[in-house]
Structure formats: C-alpha cells, structure tokens
Amino acid sequence: MAKDKIINVTLKVWRQKNAESKGHFETYDAKDVNVNMSFLEMLDVVNEDLILAGKSPIAFDHDCREGICGTCGAMVNGYAHGPDKAVTLCQVHMRSFKNGETIVIEPFRAKAFPVIKDLAVDRRSMDRIIAKGGYISVKTGNAPDAHATPVQKKASDLAMDAAACVGCGACVAACPNASASLFVGAKVSHMGLLPQGQPERKQRVQNMVWQMDSEGFGNCSNAYQCEAACPKEISVDNIARMNRDINRCGN
Amino acid sequence: MKLSSIRKKQIVAVSGLAMVGFLLAHLSGNLLLFKGPEAYNAYADFLHSLGPILWVLRLGLIGAVLLHIIFTVLIVKENRQARKDRYAVVQDHRNERSLAVKLMPYTGFVILAYIIIHLLDFTFADKTTIINGVDYGLYGLVITTLRNPLHAAAYIIAMFSIGFHLSHAFQSVVQTFGLSSEKSRPKLMLASLVFGLGVALAYSSIPLYVVATFR
Ligand code: HEM
Ligand code: FES
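Going line by line, the protein sequences match chains A and B.
Counting in the numbering used here, the first sequence runs from 78 upward without gaps.
Counting in the numbering used here, the second sequence runs from 933 upward without gaps.
Pulled out of the complex, with its shape left as it was, chain B reads as follows (with noise of 0.2 Å):
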C-alpha cells in the first residue's frame, strides 16, 4: 500500500500520542515513590497482577515505539535527501528559536538510548534489595539507583530530553491532524512547552528527591 507523506506522518504522531499515554500513566505510578516502600512497591505488586492485560499494554507500547523509530527515521531520511546541497546561510525565519524541531532526531536518539538504560536498571533486574536485613524490593532498587548522582543526572538529561521533544510533539500532532488554526496555534505552541516542562520537571523530582535524600 502506497502511504503520502501526510499518512507517515500522521503514524508518527499516533505512536507518539500512544507513548504520551503510557508517559503519564508511568509517571503517577512512579510518584507513589514519595508516599514510600509500601506503596510503591504495592503499585508494583498490582501491575504484575495484571498477567495477560499488561502484556498487552507492553506489546502496544513496544509497537508504538517500533512505528515510531521506524517511521521518523523513513522521514528523516527523505528530508535529508530532499535537501541535499546545504546552504551556506541559512536564518530562522520565523526569528524566535524553534531549536526543539531542529533537534527531534538528536533528542529522539537519546530517548532511545535511555529507554535501553532504563530497561536494563529496572525492567532486567533482580529486584530483591536487602538493607539492613529487610527487603525493600522494587522501592529499593530504584534509590540504590538513583542515589548515585551520576546515574541521577543522566535521567534527569533524558528527562529533559524527553520534555524538549514534546514540546514541540505536542501542538504538531494537533497540526498534524488539520486541528489547529491561526487562532489557536500560539495558545497550543505555549501548552506544548509548557506541557513539555511540566513532564520533565515532574519526572526529574524523583531522581532529585532520591539524591537529596538517601545520600
């Protein structure tokens, strides 16, 4: 089947806008690390109870984020070849910094890179934590984690990689599906950025509480 750029487009965004899901719902399960190992660990316990529901949430996720890759990087590649011979000078014409859109591939690339991270921390590893005779299971490994400020620091990059990304995912999705208007696209372009900030901002407490707390 023949698919128009718009088509390609627009599976970019809906494999996006299914990740922004997943993003969020991720997100209020892991600030139950502030209300301490109980909980945390209970909301654990729950997901994983969960059996065939949540592989099906994992295996839309895992193909939201395949069609994502494969897709942008379809695009990429033809708007490279598109403009082949650069120009020597080139301005932003709309002079204010539209920088997020210049970097979706490189802050893309590092999303991926910190997902594999991710997995290999959390998802891939033994979540048995022993401290002091007493096993604070998943709770446990994420502020043994996260206690080193290096390892804290390089989510807190990814997180603001992520934000940056959004924040100009976001109000393009809307464009992208013909919904958004003269009218409307400034208030949307402020929503994307702030909407970006706030999920790097909120993702980033997590690390910044385990490092200013379990030093």
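Extracted from the complex, chain A is given alone in its bound form (with noise of 0.2 Å):
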C-alpha cells in the first residue's frame, strides 16, 4: 500500500482564556500530520502533545464530526470553515493544507458570539433567535397521514433548501457586519415557505428580526460573504424571502 502523505504545518492560534480575558496568537509547530486526518483530530494530536507538556489544550468546539450537527467551526486563514467550499471545519482534512504552511486560526468573531475559551463562542444568541419562532405550534395527537396536508413540489425543495441550515453561525463570522440575516431568513423560510407555517408566518418573521438586532449582530449591506461561507450552501434567496415577508407585516 502507498504510504500516506505526511506534512508539517506551524499553528498561529488564538488563545483567550475566558470572556474577560484579551486573548493573543500563540504558535505551534503541527510535525507528521498525515494529510488524511481531519482538521480537528490534528488539532487532538497538538492537544495531546499541549497535556503532556503540561500546558492547557486549545479549547474549540465539536460534536458529531461529520458535518451535520453546526457545532464546530472556526475562522482558518480567513476563512469561515476553512479554505474547503461548503463543508464544515470537521469536513476539512489536511490535505488541503501545503507541507510548511502557517495556519492561523482565529474563533468566529462578532459582538453576539462571545468567546467561551480559545476558539469555542457562545452562540446562544442563536437559540435565542429560534425561540422566537423557529417552531410551528400544531394540536399534538396521532401524527397526521403524510398526503393530509398537500404541499407543492416548488414549495417543499425550496423549503428543505433552507432546512439544511445547521445553525453553525458561519455566516456570522464571514459576514463583515456580522449579520445573522441568512441564518435568520433560512429559519424564517423553511417554515414560512409550508403550509404549516402559514398562521404564525407574520409574528414569526416579525419576532426573529426583533430578536435578531437586539442580539447585536449587524445590518446586513448585501455582501453576499454568507452565501460563500455557508457549509451547506444557503442561498441569499432566503434573506430576500424575508425582506419581503418583513413588507407584508409591519416593522
């Protein structure tokens, strides 16, 4: 079997011990990555290497590792998610990196996503979003058959378009306003584009865009950054959908 191909890398890395603390670059020296790891368990070989000498692991979040749940993320050479298009950090494997190459790798940065520690960022701001109305409200009983409610093919594609957002808050970090608009249009599209989510369609646009810029993010000036960032390629057609529904119903 061909030996795989092996690469050393130097880590600029940001390290920011708390919410208060100001945090700075520290350097490391990534030796033998084999290209076929992932971007994250690199990050676990340099951790272990950080315990063993005593020192603190760099702190960044994870979860399902396989791009599916939003949870990870970073900002890597100045991209969101790394240099890959629409994956994940936990989709980016180092073969995407040049042997010698200098990384640097910074949190997603925006006033409503303070930093936890090193790289991991509270982005509860989000949860705090979809409370508003990420959610249909439907009498609980015996599911309904799958055909009781029609719903057009156009409709349903667009709106399980919208569904892919996992809420990894990419398009934030990559936005230069840090807008949360094509988060907050993809959750205000997939319900407002179903039948189930017509009753509370107004309130619902209406409470998330409040919720939204009292969380702090930015206005969004059509950069388009997010569209480019976003792991699973949601389109700013989602952000248009809810500049209209904001016409429709008030402020």
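To be clear, the hints were calculated from the coordinates, so they are not data collected in a lab.
A portion of the hints provided could be inaccurate.
[Claimed, not checked] Residues from chain A that face chain B, not an exhaustive set, calculated with beta carbons under 7 Å:
hint, residue
1, Gly-155
2, Ala-187
3, Pro-191
4, Asn-254
5, Asp-290
6, Ser-291
7, Glu-292
8, Phe-294
9, Gly-295
10, Asn-296
11, Ala-300
12, Asn-320
All C-beta atoms in this analysis are idealised placements derived from N, C-alpha and C, irrespective of residue type, glycine included.
From these two lone chains plus the hints, build me the complex, please.
Here is the structure:
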C-alpha cells in the first residue's frame, strides 16, 4: 500500500482564557501530520502534546464530526470553516494544506458570539432567535397522514434547502458586519414556505428579526459573503424572502 | 416607533433611489452643455422658471440626502459595533473583488464632500460670466470653473466615486426589497456595474470636454 503523505505545518492559534481576558496568538508546530487526518484530528494531536507538556489544550467546539450538527467552526486562514467550499470545519482535511504552511486559526468573531475559551464561542444568541419563532404550533396527537396537507413540490424543495441550515454561525463569522440575516432568513423561509407555517408567518418573521437586532448582530449590506461561506450553501434568496415577509407585516 | 434593521436598510435604499433619479435628470440637463451656451442657459432658465415646483423638488432631494446620511451613519456604526474584535486574517469568501461594498462609507463621504464643493462652485456663485464683453451666464461659469485641470480632475474622481457607490447600490436595492433571485442576481450585479460605470463616464465627459476644448 502506498504510504500516506506526511506534512509539517505551523499553527497560529488564538488563545483566550475566558470571555473577560484579552487573548493573543500562540504558535505551535504540528509535525508529521498525515494529510488524511481531519483538521480537528490534527488539533486533537496537537492538544495531546500540549497536555503531556502540562499546558492547557486548545478549546474548540465539535460534536458529530460528520458535518451535520453545526457545532464546530473557526476562522482558518481567514475563511469560516477553512478554505474548502461547502463543508464544516470537521470535514476539512489536512490535504487542503501545503507542507510548511502557516495556518492562522481564530474564533468566529462577533459581539453576539462572545468567546468562551480559545476557539469556542457562545452562540446562544442564535438559540434565542429560534425561541422567538423557529417552531410551528400544532395540535398534538397521532401523526397526521403524510398526504393530509398537500405541499407544492417547489415549496417543499425550497423549504428543504432552507432547512439544511445547521445553525453553525459561519454566515455571521464571514459577514463584514457580523449580521445573522442568512441564518434568520433560512429559519423564516424554512417554515414560511410550508402550509404548516402560514398561521404564524407574520409574527414569526417580525419576532425573529427583532430578536436578531436586539442580540447585537450587524445589518445586512448585501455583501453575500454569508452564502459563499455557508457549509450548506444556503442561498441569499432566503434573505430576500425574509425582506419580503417583513414588508407584509409591519416593521 | 421601533424600526427593524431591514426597515432602516429600506430607508437607505429609497433615499438612494431618489438621489439616483435626481442624478439621471441632472445628467440629461447637463449634457446640453455640448449643444452650446444658448441651449444650456435656456435649460437653467427653464428650471428657475418652475418657481415653487423647483423648491418642492429641492426639498425632496435635501430630505433624501439627509435621510440617507443619517441612516447610513447609524447602520455603519451598528455594523462596526457588531464586530469590535477584528480578525487578524480575513479573506473574501466569494473570491471576487467586492471592494465597492467595503468602500460604501468612504465613497459616500467623497460624494458628500463633492456635493458641498459643487454647490459652492455653481449654486451659490455669481452666475454672470463676461468674456470679451459677452455674458455667457451659467454656461460660462461652468467652462471657466472646469477649465482648470485640477478642478476637472477632482470632479472626475468624484464621479467615479459615485459610479463605484452605485455599482454596489443598484443591485443591493433590489435585494433589500427582496426582489432578486438566484437566477437574476448575477445579471443584476453586472447591470449594476454597467450602470455605475455608465453614470461615471457620462458625467466625466463634461469636465473632459471642457478641459480638452477650452484650454
Ligand atoms: C451624501 C453622501 C453619501 C453617503 C455618506 C452615503 C453612504 C452610503 C452607505 C454607507 C451605504 C451602504 C449602507 C449599507 O451598509 O447597507 C449606501 C448605500 C446606498 N447609497 Fe449612498 N451615500 C451617499 C450618497 C449617495 C448618492 C449621491 C446616491 C445616489 C445617487 C446614493 C445611493 C445609494 C444607494 C442606492 C445605496 C444602496 C441601498 C441598499 O443597499 O439598498 N448614495 N450609501
Ligand atoms: S462537528 Fe458537527 S458539523 Fe462539525
């Protein structure tokens, strides 16, 4: 069997003890990195060395490590979720980097995403937006028949596209204004496109947008960085839809 | 009354569009310069003969400028606050130059400075321009002002700032009102660029013509 390619990289990692402390970059050498490792596995190996040396390991968010939960994320060389297109950070592999490369790793930065420690950020601001309208109110009981409520194919497709949002916050991280418009647009669209979402459609968009504004996210300047950074390739059409929905319902 | 971030953007968009309307009307009027002093001065006289209507238009324009400035300053301030801690490294995720959007506050500022200079040059100036015993009026004032190459260059820079501003703004307005789609967006972006460049070139033709013709 052919031998796996091995590279050495230098990491410049943002280290910050807690939300209150200032934070700074530290440089680490990651030696003998198998290019088939995932980016997070590479960090695991660096962390093992740090622990053995009696130092505090680099804190970073992760959970499923298969690109579906939306927990992971950091700015890698200036890109949210690293340089690869349409993947979460856990799906980036070391083959995307060159031997001898210096990799700069920073947390997602936004006022609404305070740093907890190192690369781990507090994204509960997004949960609070969801709590304002990311649901539909239905009578509980037996599951209705699948064909009880007809849904147009087009609406169903678009709703599924919007529902692909895993709420990772890359849109906020990549936005020059740290706006959450793509996230909120996706959530508003996901339910607003379906018949089940109609009764609460107006109050949903109003309440979610107001919550977004009050969390300290920036305003949308239509720079479309969010769409390009999104690991699920959520379209800014969802922002357009949110903008239209706001026009139907007041402020 | 509470205004959502989206509403604030819409105020910026509508006031911007009002200014674009003015910009096109102003351009068509000023291109009469190429027809000579009679046509140009007649157009100016026609505008002044509108009396109260002219003042309604002027007040509308002043209102649009003020609203645009107030709300963009507010928005930009909020945007800066939304990311106080800057990235050490940040890349353009779209991998194409989106410089126009980054420079909106700066091109906007150049435009504001230009508006002030422009009003001092022509609106608040004495409009009798006697050359060899003949009064060329406003036409003469424009020629004598823009004949200075530095003055002309400043005007051209300002026109390209407006063009650059509009190259982002035009398509941005459509998205702000939720009227663009994945299909139309690339075309709108191109149309926006062409529009911005077109406005810049059309306006720049005036100082260029004056410098080239009346040395
Ligand atoms: C007077 C000085 C001006 C300043 C300070 C200014 C500033 C700005 C800024 C900062 C934005 C971007 C707001 C954002 O981040 O979304 C903007 C957008 C815009 N500006 Fe201006 N601007 C000025 C003059 C003008 C003029 C003269 C025009 C038209 C002829 C214009 C048309 C627009 C339009 C159409 C938009 C886009 C609105 C949208 O995104 O929907 N602006 N302006
Ligand atoms: S860890 Fe779940 S998406 Fe990356």
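A quick look at each hint next to the structure:
1. Below 7 Å, beta-carbon pairs count as interface contacts, and A/Gly-155 has one with chain B at about 4 Å; its hint therefore holds.
2. Annotation: A/Ala-187 was flagged as interfacial toward chain B, and the flag holds, the nearest CB pair being 6 Å apart, inside 7 Å.
3. The restraint placing A/Pro-191 at the interface with chain B is violated, with a minimum CB-CB distance near 10 Å, outside the 7 Å limit.
4. Checking A/Asn-254 against chain B: minimum C-beta separation of about 4 Å stays under 7 Å; hint holds.
5. Taking 7 Å as the C-beta contact cut-off toward chain B, the hint placing A/Asp-290 at the interface holds, the least distance being around 5 Å.
6. With 7 Å as the threshold, the beta carbon of A/Ser-291 stays out of range of chain B, its nearest partner Cβ sitting at about 10 Å, so the hint is violated.
7. Hint status for A/Glu-292: violated, given a least beta-carbon distance of 9 Å to chain B, over 7 Å.
8. Using the Cβ-Cβ criterion of 7 Å, the hint placing A/Phe-294 at the interface with chain B is satisfied: the shortest such distance is roughly 6 Å.
9. Interface restraint check for A/Gly-295: the shortest CB-CB distance to chain B comes to about 3 Å, inside 7 Å, so the restraint holds.
10. Of the supplied interface hints, the one on A/Asn-296 holds, with its beta-carbon coming within about 4 Å of a beta-carbon of chain B, less than 7 Å.
11. Nearest Cβ of chain B to the Cβ of A/Ala-300: about 5 Å, under the 7 Å cut. The hint holds.
12. With a cut of 7 Å, the hint placing A/Asn-320 at the interface with chain B holds, because the nearest CB-to-CB distance is about 4 Å.
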